[in-house]
Amino acid sequence: MASPARELDVASAAAGYLRRRLTALGEKERFMLLLIAPAAAVLVLFQVVPILIGANASFRDWQLFNPKGTWIGLAHYAYILSDPIFLWVVLPNTFLLMFATVAMSLVLGMALAHLLNWSFPGHRLVQTVILLPQMIAPVIAATSMRWTFNDQFGVVAAFLRWVGFGQMSWLAERWPSFLIVIFTDVWIWTPWFALILLAALKSLPREPFEAAQIDAAGRWRTFTHITLPMLRPVIGVCVLIRSIDAFRTFDQVWVLTGGGPARSTEVFSIYAYVETFVNLDFGRGSAAAIIGALIILVVAWLMYRTIDRLTNISR
Amino acid sequence: MTTGRRIGGYALFGAWAATLALGAFATRAEAAETLNVCHGGHPIMEASIKILEKWAKKFDVNLTSTTIAYAIFVPKITQILTTNSPQCDIVWHNDDWGQIWKQYLVTTDDVPGVADFPKQPLDAFWNDDHKLTVVPMVHTVGTFFYRTDLVAENEVPKTFDELVQVSEKLQKAGKVKWGYVGGMSMNNTWFSLWWTMWNNQCDILKPIYARTVKEWSADGWTPIVDQPCHQEIVEYWWDALHKHKISPEAMTTYGRNEANAIFEAGDAAFTVADSTFWGEFNDKNKSLVAGKVGMAKFPYGPRRKQPISWDDIWGWAIPKAVSPEHQKLAKQLLGAMLTDTDGQIGMWNETGGPPPSVKAFEVLQRNDPVFRNLQKAVFEGEHVHSAYYFANWPQLHKAYSDVAIKALTGPREGIPQVLKDGVKSLHEVAAAQ
Chain A
1 MASPARELDV ASAAAGYLRR RLTALGEKER FMLLLIAPAA AVLVLFQVVP
51 ILIGANASFR DWQLFNPKGT WIGLAHYAYI LSDPIFLWVV LPNTFLLMFA
101 TVAMSLVLGM ALAHLLNWSF PGHRLVQTVI LLPQMIAPVI AATSMRWTFN
151 DQFGVVAAFL RWVGFGQMSW LAERWPSFLI VIFTDVWIWT PWFALILLAA
201 LKSLPREPFE AAQIDAAGRW RTFTHITLPM LRPVIGVCVL IRSIDAFRTF
251 DQVWVLTGGG PARSTEVFSI YAYVETFVNL DFGRGSAAAI IGALIILVVA
301 WLMYRTIDRL TNISR
Chain B
1001 MTTGRRIGGY ALFGAWAATL ALGAFATRAE AAETLNVCHG GHPIMEASIK
1051 ILEKWAKKFD VNLTSTTIAY AIFVPKITQI LTTNSPQCDI VWHNDDWGQI
1101 WKQYLVTTDD VPGVADFPKQ PLDAFWNDDH KLTVVPMVHT VGTFFYRTDL
1151 VAENEVPKTF DELVQVSEKL QKAGKVKWGY VGGMSMNNTW FSLWWTMWNN
1201 QCDILKPIYA RTVKEWSADG WTPIVDQPCH QEIVEYWWDA LHKHKISPEA
1251 MTTYGRNEAN AIFEAGDAAF TVADSTFWGE FNDKNKSLVA GKVGMAKFPY
1301 GPRRKQPISW DDIWGWAIPK AVSPEHQKLA KQLLGAMLTD TDGQIGMWNE
1351 TGGPPPSVKA FEVLQRNDPV FRNLQKAVFE GEHVHSAYYF ANWPQLHKAY
1401 SDVAIKALTG PREGIPQVLK DGVKSLHEVA AAQ
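So the sequence lines, in the order shown, correspond to chains A and B.
Counting from 1, one number per residue, gives the positions in the first sequence under the numbering used here.
Counting from 1001, one number per residue, gives the positions in the second sequence under the numbering used here.
Rather than coming from a laboratory, the hints here were simulated on the basis of the structure.
Treat the numbers as computed from the prediction; the structure is a model and nothing was measured.
Keep in mind that the hints are not guaranteed to be accurate.
Claimed, not checked - Below are the PhoX-like pairs computed for lysine-lysine, each with C-alpha atoms no more than 20 Å apart in a straight line: (1) K1376/B / K1292/B; (2) K1076/B / K1177/B; (3) K1131/B / K1119/B; (4) K1320/B / K68/A; (5) K1131/B / K1214/B; (6) K68/A / K1076/B.
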């Protein structure tokens, strides 16, 4: 055990080192540090510390109503990684949702961006209207979508009955309910892609397009050989950000299906939520969250490498 | 005296008077203690708080209330209790989580009126020293509602089979779209699967109708969802949804909002909901069937000769972290609420919540035909508890719901296997507690 005098020496040495480092910095750098200090403090207090507390809980027997906190090592991790529901339902659903919503939102967002890149009467109005889904809280969008597809009172059900289809129990079956989740997510996020891609389209240089026109290139060829390569860096960043976000989708799935029927549409965030806030098992819920974070870290790193390579090719 | 000096004098006098008034106000504000009630915002809780407010004024107590969304109520209050935070002086309590809070709550045996309350609905709220940890606010009873304009009192189905027959008859006659509608998704299991389960002499765990850890552990925490009594009720609902079509196929996804909306739209002849929905079903602004709703006993299955219903309570509880002065005041207020006959009758009239006061119960029995009807339908006869009193109960509920919904959304011939597979997962959840 270190003596108090020795601890004091270490502390004063550390303080001296810090002082020397700060003095070594220029006035501008010190001012910059001062400016970022509040944000850094918030980040540490509300992000880093809770993550550390959560990580600590994931190794302990920590039920909310009985927080014993006994150290149990990797038991929660072993449970989750050997849970067939997590491996064969939750993870595939999560990646399917991520892939489907990002791909569809990207394609539709690109189409909308091209539409808005033309000038036509009412252009501004259309631009505002198509942004509306992005302005609605996802939980509200999902609730309205749940009633839209309600088998008794929903407008979709009413329309389908009117054109001759029978009763449609969308949310009672796995794939129809999963499709509604995807549809809702795409509906919410397409405007985001459209807005960013529109900004990118407007910033593209005109010369390559004029050259293509002179060479009599068709619209599709111009799009695939000029527009798309030049947009590749922006698309890459959009896909990366949105994929990370889609991995943790919660509101839409919880409101629309609750992960059902019988857990068949459960995704990673629902799994962690149920463990934590339904089963009140903070230890296992935290372990699930950490596993999810590690998975998305690896996926994001792979995507980043791929996007980086594609972006370099396009330069 | 010059005008300036006169104005100055008035100003001085005004300041002096204002200081006196403020001082008096501050002294009064300091004297009155403030109690904070944390609840889920249900109309019954609001009505009960009204009674508390009436008594708070008499006891010179300031009452504030904090509404917490139902979805996060249990985690939030559990966190408050386990961290000994005195944020809430009085909290909404429910038999569903009676056992997970028992060590964090003040005992309430000494609250006036509690001793007169029937013991059975309080089973969830005893702590390890066999002391009570709740003050009842309202009885919560599931009720079988029917349309009086479609079904005469003597024609109300008494058995499961009759429910199908009467429903089909009404549907064929074009009088109604659906026979029965009720919540079925997670946390709404009572309104379809469970009332039929208990009314077919069945349960989730062995022994049937047991509600103590001692009894379940003696039987090895054995789920009986694969037994014939349970298979019968799952098959009954499968047929109701897919074969007889007396209920919508999507009912497996319905919460109480969807089910109540269908009943209130006049599209279903029967439903099961908390008795507290009596008011809403008869509200002309919300319901197309207002004035045409009756209450009856539950239909029962082939394994029973009489219906069985549940009679549990919602209540108020006092956290141990609250200061002794506030605990005393809270007990005074809750005792006054519990013995306030007029206030309780007002709550019944306003919300349809059966009052916990024994005297109010007697008055309503004598004077209120609707209450007599409810009493005949629910309070008379055998009772089972609608929740399972052990710590892992929320987890067991979710696991049960997943098994049952999987069986109901798959092929009928697959039901036995799904239930058999479910036994393992339910046992693991129950025995882990």
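The hints, checked one at a time:
| no. | hint | in the structure |
| --- | --- | --- |
| 1 | K1376/B / K1292/B | holds, 18 Å |
| 2 | K1076/B / K1177/B | violated, 41 Å |
| 3 | K1131/B / K1119/B | holds, 12 Å |
| 4 | K1320/B / K68/A | holds, 19 Å |
| 5 | K1131/B / K1214/B | holds, 18 Å |
| 6 | K68/A / K1076/B | holds, 18 Å |
Hint 2 from the earlier list is the only one contradicted by this structure; the remaining hints agree with it.
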